[in-house]
Amino acid sequence: EDKVVQSPLSLVVHEGDTVTLNCSYEVTNFRSLLWYKQEKKAPTFLFMLTSSGIEKKSGRLSSILDKKELFSILNITATQTGDSAVYLCAVRIYNQGGKLIFGQGTELSVKP
Amino acid sequence: DGGITQSPKYLFRKEGQNVTLSCEQNLNHDAMYWYRQDPGQGLRLIYYSQIVNDFQKGDIAEGYSVSREKKESFPLTVTSAQKNPTAFYLCATGRLQNTGELFFGEGSRLTVL
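As you go down the protein sequences, you meet chains A and B in turn.
FYI, the numbering for the first sequence is 1 to 112, going by the working numbering.
FYI, the numbering for the second sequence is 1 to 113, going by the working numbering.
Read the hints as simulated data drawn from the structure, not as lab findings.
Hints are not guaranteed to be accurate.
[Said to hold, decoys possible] One side of the interface only, derived from the structure: several residues of chain B facing chain A at Cβ under 7 Å:
{"hint": "1", "residue": "D38"}
{"hint": "2", "residue": "L43"}
{"hint": "3", "residue": "A81"}
{"hint": "4", "residue": "F104"}
Nothing here was measured: the structure is a model prediction, and the numbers come from that model.
Positions of the beta carbon are idealized from the N, C-alpha and C atoms, including for glycine.
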């Protein structure tokens, strides 16, 4: 059974801290891994990773994929209260209509 | 505005009633998806459709039904056979070839009284 597991499930930090969110997967026919941020309702896209070892970066957020060890991390440096959200990791596999298999999500709370 | 519109945003229903959630998109995306979100469980796939008049079951299709009569619309019916329908429902769309990210609507929160 295809599976995506995120850790930790929840995290509380203070502004300015750096956090690392983890995502591991066990799937057949891996195609890509995606990260989303969900603040209230609609998840918004952050990154899509297809190749090992190539870091994707957007401002204070960055992510990298390790296809040998089957995991990805999402780093957030100098956290702000606006980073408080649920971060979702999802994997797309081949020949499954483009559907995404999601992890449970990591709920991040950034305190002032 | 381009995007995905889900309605209603909040819905209450009594046990034994069917309810239909609407999802409309003007992004011209071929693929559409319905996910269910429960606390602590992430998103789980209910149904998806890649083309008009065709759709496939996801991981938790029991108690749900869908239709895809036109490209822009993919309504989800939560039937009385769904044992635990109280949840947050998200509709998503994706491009041809199923590459790239999925785009999500704002969601519909269904509460069964």
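Here is how each hint holds up against the structure:
| no. | hint | in the structure |
| --- | --- | --- |
| 1 | D38 | 10 Å, violated |
| 2 | L43 | 4 Å, holds |
| 3 | A81 | 23 Å, violated |
| 4 | F104 | 4 Å, holds |
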